[in-house]
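Number of protein chains: 2
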Amino acid sequence: MEQPPSDQPASPPVVIVGAGFGGLAVAKALAGSDVPVTLIDHNNYHLFVPLLYQVATAALSPADIAEPIRHILARYPNITVVMGRVAGIDVAGKQVRLTEGDPIAYGRLVIATGSTSTYFGNDRWAAHAPSLKSIEEARTIRTRVLEGFELAERSSDPAARERLMTIVVVGGGPTGVEMAGSIAELARHALARDFRRIDPTTARVILIEAGARLLTAFPENLASYAQRSLERLGVTVMTGHPVQDIDATGVSIAGSHIPAATIIWGAGVRASPAATWLGIEADRSGRIPVSADLSVTGVPDVYALGDTALCLDAAGQPLPGLAQVAQQQGSHLGRALRENLLHGTALPPFAFHNRGNAAIVGRHAAIFDFGGQRRLKGFVAWLLWAAVHVVLLVDFAQRVRVSLQWLWRYLTYRRGARLITVPPRAPARQSPQ
Amino acid sequence: MEQPPSDQPASPPVVIVGAGFGGLAVAKALAGSDVPVTLIDHNNYHLFVPLLYQVATAALSPADIAEPIRHILARYPNITVVMGRVAGIDVAGKQVRLTEGDPIAYGRLVIATGSTSTYFGNDRWAAHAPSLKSIEEARTIRTRVLEGFELAERSSDPAARERLMTIVVVGGGPTGVEMAGSIAELARHALARDFRRIDPTTARVILIEAGARLLTAFPENLASYAQRSLERLGVTVMTGHPVQDIDATGVSIAGSHIPAATIIWGAGVRASPAATWLGIEADRSGRIPVSADLSVTGVPDVYALGDTALCLDAAGQPLPGLAQVAQQQGSHLGRALRENLLHGTALPPFAFHNRGNAAIVGRHAAIFDFGGQRRLKGFVAWLLWAAVHVVLLVDFAQRVRVSLQWLWRYLTYRRGARLITVPPRAPARQSPQ
Chain A
1 MEQPPSDQPA SPPVVIVGAG FGGLAVAKAL AGSDVPVTLI DHNNYHLFVP
51 LLYQVATAAL SPADIAEPIR HILARYPNIT VVMGRVAGID VAGKQVRLTE
101 GDPIAYGRLV IATGSTSTYF GNDRWAAHAP SLKSIEEART IRTRVLEGFE
151 LAERSSDPAA RERLMTIVVV GGGPTGVEMA GSIAELARHA LARDFRRIDP
201 TTARVILIEA GARLLTAFPE NLASYAQRSL ERLGVTVMTG HPVQDIDATG
251 VSIAGSHIPA ATIIWGAGVR ASPAATWLGI EADRSGRIPV SADLSVTGVP
301 DVYALGDTAL CLDAAGQPLP GLAQVAQQQG SHLGRALREN LLHGTALPPF
351 AFHNRGNAAI VGRHAAIFDF GGQRRLKGFV AWLLWAAVHV VLLVDFAQRV
401 RVSLQWLWRY LTYRRGARLI TVPPRAPARQ SPQ
Chain B
1 MEQPPSDQPA SPPVVIVGAG FGGLAVAKAL AGSDVPVTLI DHNNYHLFVP
51 LLYQVATAAL SPADIAEPIR HILARYPNIT VVMGRVAGID VAGKQVRLTE
101 GDPIAYGRLV IATGSTSTYF GNDRWAAHAP SLKSIEEART IRTRVLEGFE
151 LAERSSDPAA RERLMTIVVV GGGPTGVEMA GSIAELARHA LARDFRRIDP
201 TTARVILIEA GARLLTAFPE NLASYAQRSL ERLGVTVMTG HPVQDIDATG
251 VSIAGSHIPA ATIIWGAGVR ASPAATWLGI EADRSGRIPV SADLSVTGVP
301 DVYALGDTAL CLDAAGQPLP GLAQVAQQQG SHLGRALREN LLHGTALPPF
351 AFHNRGNAAI VGRHAAIFDF GGQRRLKGFV AWLLWAAVHV VLLVDFAQRV
401 RVSLQWLWRY LTYRRGARLI TVPPRAPARQ SPQ
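Line by line, the protein sequences give chains A and B.
First residue of the first sequence: 1, per UniProt numbering; consecutive thereafter.
First residue of the second sequence: 1, per UniProt numbering; consecutive thereafter.
To be clear, the hints were calculated from the coordinates, so they are not data collected in a lab.
Check the hints yourself; a few may be wrong.
To be verified - Take a look, some chain A residues computed to stay more than 10 angstroms from chain B by CB distance:
(1) ALA63
(2) GLY101
(3) ARG197
(4) ARG232
(5) GLN373
Claimed, not checked - Covered stretches of chain B (chain A as the covering partner; in silico rule of three or more C-beta atoms under 8 angstroms from a C-beta of chain A):
(6) 68–82
(7) 171–185
(8) 229–243
As the structure is a computational prediction, the values presented were derived from the model and not from experiment.
Every residue gets a Cβ at the ideal spot worked out from N, C-alpha and C, and that includes glycine.
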């Protein structure tokens with residue numbers, strides 16, 4: 001087990017923190033070059049977050065949407081992968097400190113640490129309303145939804161049954177819309193015949209949004225199409241209803257309390273604490289302001305991209321927190337750093353090319369917004385969405401597996417991953433009434 | 001949500017506790033008949049335990065080897081599934097008490113609650129050496145093995161590295177043999193190129209057995225073939241070494257201590273506590289003695305089968321704790337109860353037909369014992385084993401999925417489910433030295 005020379009490179013490496021869409025794209029753009037690269041992530045896998053809602057609703061298994069980072073990059077000897085959690089950044093000494101183990105020196109540092117959920121100061125809501133940011137959370141949601149039906153089947157109290165079969169999704173963005181549609185389909189199709197005392201098709205799925213309409217990032221006609229599609233699936237859409245409280249019994253909105261056993265939080269997103277690590281000022285959402293070349297203003301040799309960066313487009317508007325933005329920024333920055341480090345070329349400015357913003361609404365409906373007047377909705381949009389997402393999945397084996405599972409599920413309405421494997425909730429959560 | 005008549009059947013149902021191979025076979029034999037059946041399990045899925053070691057070694061996902069019980073039985077209106085945990089049995093009142101919810105009255109009761117691991121009185125070993133009985137344990141083992149390599153890659157202390165890359169499997173039965181072989185292959189093939197500082201192919205996999213040889217349930221020549229196959233894969237086989245202690249640092253055997261970060265317990269099995277529920281005497285392994293017709297001696301209308309029953313064959317020997325025994329007993333008892341309840345036919349005695357006892361030793365070697373002199377070993381045995389296990393999997397969709405994944409893995413040596421998703425161990429466990 002001798003340490004090869006790459007362990008102590010002559011020049012400090014390009015260190016990338018975060019192996020999401022952005023960080024991984026930087027690594028891939030530098031892969032196979034003479035630039036030493038170290039990629040740090042606290043997970044050992046790259047997670048295909050846009051399909052996480054399908055794990056939460058029992059359509060896919062975690063391994064279908066996650067790929068070991070080492071495996072993706074195994075054939076590039078210039079890339080070292082470190083599984084670790086960042087504790088801080090020493091800007092003067094040019095080092096990344098981890099919670100365990102030696103600090104990692106950098107020549108250039110790319111911060112691609114994404115975003116987390118925020119409960120707007122109501123952190124105690126988190127225990128009752130998990131968000132959808134990690135495999136663990138997706139598994140928790142899956143367990144709560146399925147467990148609700150199991151407990152309802154066993155209960156003879158009509159009020160308890162109704163509460164157990166009520167699922168509230170908070171937040172009318174793409175995550176909330178996709179979750180609500182997918183849960184409604186789970187109840188109406190996959191589970192329809194499985195119970196004897198309850199009728200899963202009578203489950204209530206409620207989507208609550210504080211603003212005046214769903215999907216504010218999309219044009220109005222696509223958003224109202226999405227709302228109609230959800231309502232056809234049986235989802236109750238409540239716009240203009242800010243959530244006032246969430247506890248073990250359910251969700252409170254102005255003037256009423258909705259008893260619900262499963263609550264899913266899709267309302268708030270906040271950038272990673274990277275600004276704190278760097279000791280610089282962030283914007284209201286915690287994002288780091290970056291220049292057109294994605295360098296962090298005032299901090300030499302540090303770059304940021306994706307959800308954790310505030311990057312303005314040509315019109316002075318912030319780029320949205322989308323996978324395609326992070327991926328394009330990552331590819332751009334990786335290529336730019338390679339040319340800069342090997343040939344001294346100046347870093348060119350980044351320009352975003354909108355490849356279409358999509359949301360899926362149930363089994364055969366989706367909306368696509370390509371900017372301007374170019375839009376698509378319905379079954380063709382769903383097919384396009386499905387095709388794009390299968391192609392985007394990083395690994396060939398996954399592509400085969402996910403395609404087959406989708407096809408199978410599409411033909412049979414079945415869900416293959418309907419397992420309750422998280423330890424059950426404490427009795428207090430199970431029957432608080 | 002009116003309760004259908006089947007909710008309050010005229011005659012109390014056949015209640016089956018446990019949806020393993022035995023309990024599920026009883027339910028299937030009664031499916032579609034006029035006999036009301038209630039099947040109770042504390043999980044919502046039937047688990048294909050013989051393939052659990054492949055989940056623990058990242059070859060398969062949990063959903064590949066688990067199928068929702070409701071889904072399996074959805075089309076039989078005479079069968080009700082209850083997700084619940086048994087607290088006790090009221091033999092006089094003919095009721096099964098659950099830890100939550102109303103008790104369930106039975107006309108006949110079938111106990112098919114299987115077995116659990118036992119640490120022979122050393123329960124504190126469990127935290128350091130998980131066994132392989134549940135999806136949660138399989139996930140814990142997968143995480144510890146993979147995390148060991150990650151921590152070793154980050155460590156610069158040779159002794160710590162060696163400990164992190166040492167995996168000890170305790171127990172030379174089929175579970176221990178299959179785990180050791182599968183982990184050796186994971187390290188030697190799937191992970192071989194993924195690291196930069198460590199060489200995963202130098203990982204130590206040690207199989208410790210207290211007895212004089214491996215696989216005592218198999219003929220000697222098959223067992224020694226299995227040992228040679230394991231050693232070819234790089235496994236160190238230590239027979240005649242009873243374990244004296246297990247703690248966070250490793251495993252102690254007579255005269256020496258083996259520092260190891262991952263320890264897997266495959267040594268002891270004990271029947272479920274069903275004898276306690278019934279208030280009757282069990283044998284040394286906790287099994288309930290049953291008559292030839294599988295009825296529990298002295299307890300009217302109660303039957304037991306599978307790992308939790310002590311059932312003697314024609315020669316007066318106890319039948320082994322194998323899936324095929326439980327499955328044959330379940331089918332036999334289900335048919336017998338149907339004829340008895342509908343036509344008053346007496347319960348016939350059960351006779352076991354040995355369909356072959358198998359163990360797999362790595363990617364293309366297995367052993368098969370059909371009784372007498374009929375034996376098989378090597379690649380053909382592996383092919384037979386693979387074919388049998390694919391066919392045995394309960395659900396068609398799973399069959400397709402598992403076949404494809406196996407084929408893929410076979411062609412590429414890859415592991416699709418290599419995710420570290422259990423919360424990491426406390427620092428004390430990570431670097432106790």
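Outcome of the hint check:
no.	hint	in the structure
1	ALA63	4 angstroms, violated
2	GLY101	5 angstroms, violated
3	ARG197	6 angstroms, violated
4	ARG232	23 angstroms, holds
5	GLN373	42 angstroms, holds
6	68–82	holds (count 9)
7	171–185	violated (count 0)
8	229–243	violated (count 0)
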